[in-house]
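Protein chains in written order, with our numbering: chain A, 9 to 289; chain B, 15 to 321; chain C, 14 to 274; chain D, 14 to 274; chain E, 82 to 380.
Calculated from the structure, these hints are not laboratory results.
The model shown is predicted, which means the values in this text are computed figures rather than measured ones.
Incorrect hints may appear among the rest.
[To be verified] With a straight-line cut-off of 20 Å between C-alpha atoms, the simulated SDA-like cross-links for lysine to any residue are:
| # | chain 1 | residue 1 | chain 2 | residue 2 |
| --- | --- | --- | --- | --- |
| 1 | C | 149 | A | 152 |
| 2 | D | 93 | E | 290 |
| 3 | A | 275 | E | 263 |
| 4 | D | 93 | E | 121 |
| 5 | B | 84 | A | 63 |
| 6 | C | 202 | C | 132 |
| 7 | C | 93 | A | 126 |
| 8 | A | 275 | C | 132 |
| 9 | E | 370 | A | 126 |
| 10 | C | 127 | A | 71 |
| 11 | C | 93 | C | 125 |
| 12 | A | 276 | C | 152 |
| 13 | E | 173 | E | 370 |
| 14 | B | 106 | E | 123 |
| 15 | E | 370 | A | 194 |
| 16 | A | 94 | B | 145 |
| 17 | B | 305 | B | 317 |
| 18 | B | 166 | E | 123 |
| 19 | B | 84 | A | 283 |
| 20 | A | 94 | E | 224 |
| 21 | B | 166 | A | 126 |
| 22 | D | 93 | E | 276 |
| 23 | B | 120 | B | 107 |
| 24 | B | 106 | E | 127 |
| 25 | E | 267 | A | 274 |
| 26 | C | 223 | C | 184 |
| 27 | B | 166 | E | 267 |
| 28 | C | 93 | A | 275 |
| 29 | E | 308 | A | 129 |
| 30 | B | 166 | E | 121 |
| 31 | D | 149 | C | 34 |
| 32 | C | 205 | C | 48 |
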Amino acid sequence: MLNALPILAVWLGAWGLNTWLSRLNTRTTRILVPLIFGVTLLLLWEMIVRLYAVPSVILPAPSQIGASFVANRGILWGDFVQTILKGALSGWIIGSLAAIATAIAIDRSPFLQRGLLPIGNFVAALPIVGIAPIMVMWFGFDWQSKSAVVVVMVFFPILVNMVAGLAATDQMQRDQMATWAAPYWQSLWKLRMPAAMPFLFNGLKITTTLALIGAIVAEFFGSPTRGMGFRISTAVGRLDLPLVWAEILASAIAGTLFYGIVALIEKKVTFWHPSQRADRG
Amino acid sequence: QELTLQLKWVTQAQFAGYYVALDKGFYEEEGLDVTILAGGPDIAPTQVLAGGGADVIVEWMPAALAAREKGLPLVNIAQPFKQSGMMLTCLKESGIADPTTDFAGKTLGVWFSGNEYPFLSWMSTLGLSTEGGPDGVTVLKQGFNVDPLLQKQAACISTMTYNEYGQVLDAGISPDDLVTFKYEDQGVATLEDGLYVLESTLEDSAKVTDLVRFVRASMKGWEYTRENPEEAAEIVLENDETGAQTLEHQVRMATEIAKLTEGSNGTLDEADYQRTVDILMAGGSDPVISKAPEGAFTTMITDRAFD
Amino acid sequence: MKNHLPVIHADNISLTFQTADGPVHALKDVSLTINQGDFVSFIGPSGCGKTTFLRTIAALETPTGGVLDVNGMTPDQARKARAYGYVFQAPGLYPWRTIAGNISLPLEIMGFAKADRKQRIARVLDLVELGGFGGKFPWQLSGGMQQRASIARALAFDADILLMDEPFGALDEIVRDRLNEALLELWRKTRKTIGFVTHSIPEAVYLSTKIVVMSPRPGRITKIIDSPLPAERPLEIRDTPEFIALAHEVREGLREGHGYD
Amino acid sequence: MKNHLPVIHADNISLTFQTADGPVHALKDVSLTINQGDFVSFIGPSGCGKTTFLRTIAALETPTGGVLDVNGMTPDQARKARAYGYVFQAPGLYPWRTIAGNISLPLEIMGFAKADRKQRIARVLDLVELGGFGGKFPWQLSGGMQQRASIARALAFDADILLMDEPFGALDEIVRDRLNEALLELWRKTRKTIGFVTHSIPEAVYLSTKIVVMSPRPGRITKIIDSPLPAERPLEIRDTPEFIALAHEVREGLREGHGYD
Amino acid sequence: MPAPADGFLRRGVGAALPVLTVLLAIIVIWYLAAVWMNAQWVQDQAARAGTEVGFGDLVRQTLTQDRPVLPAPHQVAIGWWDGVFGQKITSKRSLVYHGWITLSATLAGFGIGTVAGILLAVGIVHNRAMDQSVMPWAIASQSVPILAIAPMVIVVFASAGVTGLLPKAIIAAWLSFFPVLVGMVKGLRTPDAMQLDLMRSWNASPRQRFWRLRLPSSLPYLFASLKVAIAAALVGTIVGELPAGATAGLGARLLSGSYYGQTVQIWAALFAAAMLAAVLVIVVGVIEKATLTRMGLAR
Ligand SMILES: Nc1ncnc2c1ncn2[C@@H]1O[C@H](COP(=O)(O)OP(=O)(O)OP(=O)(O)O)[C@@H](O)[C@H]1O
Ligand SMILES: Nc1ncnc2c1ncn2[C@@H]1O[C@H](COP(=O)(O)OP(=O)(O)OP(=O)(O)O)[C@@H](O)[C@H]1O
Ligand SMILES: Cc1ncc(C[n+]2csc(CCO)c2C)c(N)n1
Ligand SMILES: [Mg+2]
Ligand SMILES: [Mg+2]
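Model the full assembly from the supplied sequences, consistent with the hints where possible.
Structural data, given as structure tokens:
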């Protein structure tokens with residue numbers, strides 16, 4: 009019980025500090041506050057592990073994880089390249105491009121739209137990770153099968169968003185195009201594509217985390233001797249939990265970065281959208 | 015008395031002895047209330063033991079010794095499996111006839127999650143790198159089935175005599191099209207399914223008594239399995255919650271397993287232990303364990319059980 | 014001042030929308046001739062078909078009955094010949110393009126050369142008093158400025174016919190006065206044919222050479238008033254008896270056809 | 014007709030917003046007295062601080078300078094004493110409540126008993142001629158009816174002071190006329206004190222006993238005009254010379270203070 | 082009244098026809114792919130047996146294999162039918178039994194995730210410190226590979242004596258709280274300044290403001306994200322069942338199909354999961370529709 013006191017104290021202290029900082033609401037504090045929050049979580053974790061002597065094969069302390077992260081950065085980098093760059097990223101890019109192309113292709117055919125959209129909506133809600141064993145069987149052990157899983161996982165959410173986006177122009181804008189007698193490709197390029205961007209990026213952002221899950225799950229069904237999923241299962245077998253958590257950390261960093269980069273590009277591309285503009289006051 | 019046993023793998027006849035002991039009431043007779051937890055691909059029994067999720071685990075000795083060197087004080091208290099059932103199964107068309115010369119440049123399927131140690135030891139005795147290239151072997155983390163061989167994604171895959179080998183045959187490949195290398199024959203066999211507990215458990219005399227009873231009942235289960243493989247297979251099937259096992263396959267597994275438990279009353283043979291340690295330490299640059307472990311086994315339990 | 018070349022000729026136009034609750038007679042037997050250089054205002058209560066009629070002229074709707082003739086062509090042929098500049102009630106600027114980019118858009122679509130585009134953009138920006146704002150994005154401008162930009166866009170490609178659907182509906186009275194003056198000035202200079210929808214009686218009277226009063230259910234024309242006011246109209250004209258009498262006449266016409274719920 | 018009890022007394026009110034682009038002087042040295050039963054209109058170009066002033070009275074903004082006194086209390090005390098009925102430009106009805114439910118909402122919040130609520134709802138619905146529509150959802154009504162419902166909501170709890178920020182801005186002229194008549198009628202019956210923001214000169218002149226003309230940058234009062242019109246005002250009063258003269262005076266007042274961009 | 086019924090029918094057919102066409106196309110492509118992908122094995126077998134296969138035989142054999150690379154649609158359909166209707170639902174070979182196990186963990190996880198998401202959202206909307214602290218970390222939490230965490234969650238819980246449904250449900254909740262959080266924050270923030278000002282002019286308490294304004298306004302957003310969340314919870318449960326030594330459930334069924342190379346079993350489990358997902362999303366949709374209609378928000 010006594011152990012809980014310092015933990016509680018740190019929690020309350022950090023909470024108070026954050027509450028105070030967030031009142032100021034400047035540019036620095038907006039970065040500082042989430043940082044302090046994260047650091048506090050780590051601190052609490054460290055304290056719990058130490059004060060309650062949690063065995064490191066169950067839950068290593070953040071300090072151990074950090075040390076392992078630094079010591080194994082070569083391995084982590086290799087795994088990152090294998091899983092994130094080769095598996096997830098390639099699949100995500102291929103899947104996105106395919107979805108965008110498909111959306112444009114069916115955009116002209118209401119029949120196809122009405123046929124594909126309900127199915128697309130349906131498939132987007134399915135637990136597609138389940139195809140991972142099948143993809144490993146079809147595309148082999150290396151990153152190609154991971155990529156294939158990711159392609160299928162990201163395709164439908166992006167397709168659905170993109171189709172909705174292409175339809176998102178309002179009547180007035182389409183009427184304008186009609187009064188100017190704009191041909192199809194012109195109105196696609198100059199009206200519907202830009203208008204679809206906020207929707208497209210919505211889909212792209214959602215699928216960043218899907219891509220990571222897909223690539224790692226697929227490694228579980230077979231992989232070469234590198235990759236984050238491989239390393240995690242091997243390291244668990246060797247009771248090297250700090251390395252396991254270092255991989256988890258790497259994946260979380262990669263995922264957050266991935267998301268952040270897409271969000272940044274979104275900000276650049278859809279700078280005009282109200283959600284990207286700071287309102288007055 | 016309650017006791018939890020963590021298996022190394024999913025419910026199958028590999029663990030028939032324990033299920034039979036449970037089903038036939040052998041544990042009950044000893045006054046034990048035993049819970050059997052099935053394993054799975056990412057379940058490391060050693061971790062479960064360390065976390066207090068189980069009292070006893072079924073584990074292979076290489077993994078147990080590696081964990082011990084990592085600081086988890088595992089102790090072998092009984093060794094029902096006398097022989098190794100592990101082998102590499104290759105397609106004849108891949109042109110592999112002799113392990114010492116033909117593996118180089120080939121792709122081999124291997125199980126990980128702590129099961130890779132025997133293979134790594136073997137490769138290092140052969141002097142083959144596992145990093146690929148023309149002078150080494152390319153290693154695949156084999157999934158859960160024999161597809162890599164059927165799909166020709168690997169020249170050889172890891173199989174157990176009692177399980178995956180049968181699946182290869184079931185898939186329609188005749189033994190004539192296959193070449194197999196048993197670890198026993200290659201002189202790199204390590205001890206497989208043994209029972210392990212934490213050192214601290216052995217310091218508690220009440221627990222020790224339970225363990226003695228547990229081992230005695232389990233071995234009775236194994237004996238029963240050897241005599242009635244068919245019934246044992248049915249018992250396993252009843253306990254399989256996935257509903258994926260077939261009776262045919264489990265009967266074959268029970269029969270093959272019987273060959274491996276043959277000749278063991280559960281007591282660990284020190285010579286076997288020593289051989290395993292030697293093999294694990296032999297691995298050239300990166301041995302599985304770096305120094306001979308101490309106190310990694312005890313015959314106290316089996317001694318008391320079969321007195 | 015009138016020019017007797019008919020530009021738009023509507024003969025017994027009807028337009029019925031089929032909706033879930035049954036047919037809506039948005040227009041019924043509407044006949045009207047608009048001559049070259051006319052400034053025609055359409056006024057009437059909500060739902061009387063003003064927008065629908067303007068859209069029909071621009072070939073954005075197809076009448077279900079009657080004949081509509083624009084310079085001897087069908088409206089759709091006229092649309093393809095880019096005869097129309099259409100200004101909608103809301104500015105409808107593309108937020109991802111600057112003001113200049115917005116004005117440039119129809120020009121790009123119609124294939125104007127780059128240099129020509131640049132020159133036209135500069136000209137119309139000056140015309141609506143937005144010189145210097147070409148590089149701004151729409152959301153950086155006030156509502157009135159956006160609306161002027163949207164008028165500039167409709168002017169840039171020199172369509173013969175300017176159709177404006179309540180272009181000043183959302184603006185405050187003073188800004189509206191200024192834009193009314195500017196629009197009259199523009200019309201005097203260019204002598205375009207203008208169709209103009211409004212809810213405001215003073216606005217209709219101030220701007221038009223012809224005021225068309227409409228009435229709903231079914232949408233129809235109840236009164237066509239030719240304005241006796243001179244082409245030269247200072248804002249003060251609105252306090253003159255002629256103006257007030259005309260406004261009164263329009264209000265009476267409106268009230269007659271008004272079924273208020 | 015005037016009642017000489019002062020209800021709202023503003024003394025040199027200033028309000029400066031700190032924005033990223035520097036301070037905005039929304040109100041500067043605004044002084045005004047509103048008496049019991051006055052109908053005060055605020056008119057002026059966009060951004061002159063009409064809304065801000067109304068919000069300041071209702072304690073939705075806090076002035077950065079000056080003293081504001083409402084019935085001898087601070088605005089915030091008056092707000093807590095539920096002295097205000099506020100009507101915004103858009104009806105702002107809750108789509109998940111029926112019209113009756115919407116009117117009931119403030120009553121529930123203020124803790125009126127159920128029977129009392131029911132009776133009040135019926136009364137105000139009749140007052141705005143919406144009897145029988147209580148069970149409808151807002152989106153089943155036209156814009157004008159919604160706006161009347163929102164006025165009913167502000168009336169239901171019998172606040173002393175009714176503040177209306179461009180309540181009819183979005184409606185068409187005819188509907189607006191009807192609502193103007195109805196509002197005048199209501200005011201005559203209840204003798205509430207009303208603060209009313211509008212952009213329309215005829216509307217301000219038609220409704221008010223006092224017209225406050227404002228001007229932007231900084232937001233200030235440039236002219237206060239007391240109306241000589243009688244309390245009884247048929248719509249036709251708008252064609253009388255007194256009305257036109259008054260409208261002219263307001264327009265001149267507006268133009269003086271108008272910095273047009 | 083034949084007209085409305087007729088109209089309804091026509092609209093129904095009008096909506097179904099394109100979907101059916103696309104489905105038909107998918108099935109045709111699927112059959113072709115099955116023949117193409119399974120042909121290799123048939124030919125290998127023939128070569129090992131030293132025989133030749135004609136085209137007719139080839140097609141027939143590719144569509145009837147025990148361990149096809151890609152099972153034909155009818156094989157999957159039969160496997161699924163047999164799993165759902167061919168067994169007692171208490172049987173361990175029954176997809177209904179496994180579906181139920183997965184469903185219960187999914188629902189538990191969905192419940193936990195929804196409550197967590199709503200509570201966090203309420204905190205974020207009402208507390209600036211939470212607003213700035215929580216969001217970035219919530220995003221980061223979704224990039225953690227749950228598959229890797231899953232076994233550890235199971236072990237950690239097991240060491241605390243908790244086994245069975247709860248650990249899986251936690252993993253499901255991990256995936257499903259995020260969409261709820263995002264949707265709910267957006268929803269609770271939809272009331273515009275005017276509506277909040279109205280509340281203020283009536284001197285409403287914060288509690289009244291929440292229950293009578295923010296919460297009802299947020300419901301359409303909440304339901305939209307609940308549909309995403311329940312699908313995510315199912316994914317979480319299945320992923321949680323994969324590595325974590327689960328012995329029952331559709332995920333375990335997928336995995337055990339994989340152990341023994343039984344592709345038909347994998348596909349049947351996959352389809353069962355797909356249908357479960359569809360049913361769950363539809364159920365949430367029906368509740369949404371009913372609620373919003375009652376509130377007058379559905380038009
Ligand atoms: N696309 C449509 N489908 C069905 N009904 C329509 C459609 N467009 C317009 N209507 C109906 O036709 C009638 C005339 O509409 P229109 O928009 O032309 O009126 P309006 O005079 O412009 O009104 P407002 O002043 O409100 O803009 C209305 O009853 C309207 O509801
Ligand atoms: N919350 C705020 N933060 C910063 N500036 C504000 C804020 N509210 C109003 N302003 C500024 O204060 C000035 C007065 O605004 P206000 O809304 O009172 O004008 P208004 O007369 O009501 O205009 P309109 O006719 O357009 O409604 C404007 O310049 C406006 O931009
Ligand atoms: C991912 C994975 N890891 C390990 C094994 C190996 N394994 C654990 S117990 C056992 C006995 C027979 O099946 C075997 C072979 C596997 N199959 N798959
Ligand atoms: Mg209209
Ligand atoms: Mg305002």
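Now the hints, each set against the structure:
1. Among the hinted pairs, residue 149 of chain C with residue 152 of chain A is inconsistent with the structure: their alpha-carbon atoms are about 47 Å apart, more than 20 Å.
2. The hinted pair formed by residue 93 of chain D and residue 290 of chain E meets the criterion: a straight-line CA distance of about 15 Å does not exceed 20 Å.
3. Proximity of residue 275 of chain A to residue 263 of chain E is assessed by CA-CA distance (about 18 Å); at most 20 Å being required, the pair is judged to hold.
4. Pair hint residue 93 of chain D plus residue 121 of chain E does not hold up; C-alpha atoms about 82 Å apart against a cutoff of 20 Å.
5. For the hint pairing residue 84 of chain B with residue 63 of chain A, the CA-to-CA distance comes to about 12 Å; that is within 20 Å, so the pair holds.
6. Between the alpha carbons of residue 202 of chain C and residue 132 of chain C the distance comes to roughly 19 Å, so the proposed pair stays at or under 20 Å and holds.
7. With a C-alpha separation of about 36 Å, the suggested pair residue 93 of chain C and residue 126 of chain A falls outside the 20 Å cut-off, and the hint is violated.
8. Simply put, residue 275 of chain A and residue 132 of chain C have alpha-carbon atoms about 32 Å apart, too far for the 20 Å limit, and the pair is violated.
9. Taken as a hint, the residue 370 of chain E and residue 126 of chain A pair is honoured in the structure, with Cα atoms around 18 Å apart against an allowance of 20 Å.
10. Of the supplied pair hints, the one linking residue 127 of chain C and residue 71 of chain A is violated, its CA atoms being roughly 62 Å apart against a limit of 20 Å.
11. Proximity of residue 93 of chain C to residue 125 of chain C is assessed by CA-CA distance (about 16 Å); at most 20 Å being required, the pair is judged to hold.
12. For the hint linking residue 276 of chain A to residue 152 of chain C, the alpha-carbon distance of about 16 Å falls within 20 Å, and the restraint holds.
13. A distance of roughly 36 Å separates the Cα atoms of residue 173 of chain E and residue 370 of chain E; the hinted pair therefore is violated under the 20 Å criterion.
14. Taken as a hint, the residue 106 of chain B and residue 123 of chain E pair is honoured in the structure, with Cα atoms around 18 Å apart against an allowance of 20 Å.
15. With a C-alpha separation of about 39 Å, the suggested pairing of residue 370 of chain E with residue 194 of chain A is violated against the 20 Å cut-off.
16. Distance restraint check for residue 94 of chain A and residue 145 of chain B: the Cα-Cα separation of roughly 19 Å lies within the 20 Å cut-off, and the hinted pair is therefore satisfied.
17. For the given pair, residue 305 of chain B sits about 27 Å from residue 317 of chain B by alpha-carbon distance, which is inconsistent with the 20 Å threshold.
18. Between residue 166 of chain B and residue 123 of chain E, the direct Cα distance comes to roughly 14 Å. Compliance with the 20 Å bound is thereby established for this hinted pair.
19. Only pairs whose Cα atoms come within 20 Å are accepted, and residue 84 of chain B paired with residue 283 of chain A is rejected, the gap being roughly 52 Å.
20. At most 20 Å may separate the alpha-carbon atoms for a hinted pair to count; residue 94 of chain A and residue 224 of chain E meet this at roughly 17 Å.
21. Distance restraint check for residue 166 of chain B and residue 126 of chain A: the Cα-Cα separation of roughly 39 Å exceeds the 20 Å cut-off, and the hinted pair is therefore not satisfied.
22. Among the hinted pairs, residue 93 of chain D with residue 276 of chain E is consistent with the structure: their alpha-carbon atoms are about 17 Å apart, no more than 20 Å.
23. The hinted pair formed by residue 120 of chain B and residue 107 of chain B meets the criterion: a straight-line CA distance of about 12 Å does not exceed 20 Å.
24. Taking the CA atoms of residue 106 of chain B and residue 127 of chain E, the gap is about 16 Å. The hint holds against a cut of 20 Å.
25. For the given pair, residue 267 of chain E sits about 19 Å from residue 274 of chain A by alpha-carbon distance, which is consistent with the 20 Å threshold.
26. Between residue 223 of chain C and residue 184 of chain C the CA atoms are separated by roughly 23 Å; this puts the pair beyond 20 Å, and the hint is violated.
27. With a C-alpha separation of about 52 Å, the suggested pair residue 166 of chain B and residue 267 of chain E falls outside the 20 Å cut-off, and the hint is violated.
28. For the given pair, residue 93 of chain C sits about 37 Å from residue 275 of chain A by alpha-carbon distance, which is inconsistent with the 20 Å threshold.
29. For a cut-off of 20 Å, the pair hint linking residue 308 of chain E to residue 129 of chain A stands: about 11 Å separates their Cα positions.
30. A distance of roughly 11 Å separates the Cα atoms of residue 166 of chain B and residue 121 of chain E; the hinted pair therefore holds under the 20 Å criterion.
31. Taking the CA atoms of residue 149 of chain D and residue 34 of chain C, the gap is about 18 Å. The hint holds against a cut of 20 Å.
32. For the given pair, residue 205 of chain C sits about 10 Å from residue 48 of chain C by alpha-carbon distance, which is consistent with the 20 Å threshold.
When the structure is compared with the earlier hints, violations turn up for hints 1, 4, 7, 8, 10, 13, 15, 17, 19, 21, 26, 27, 28 and for no others.
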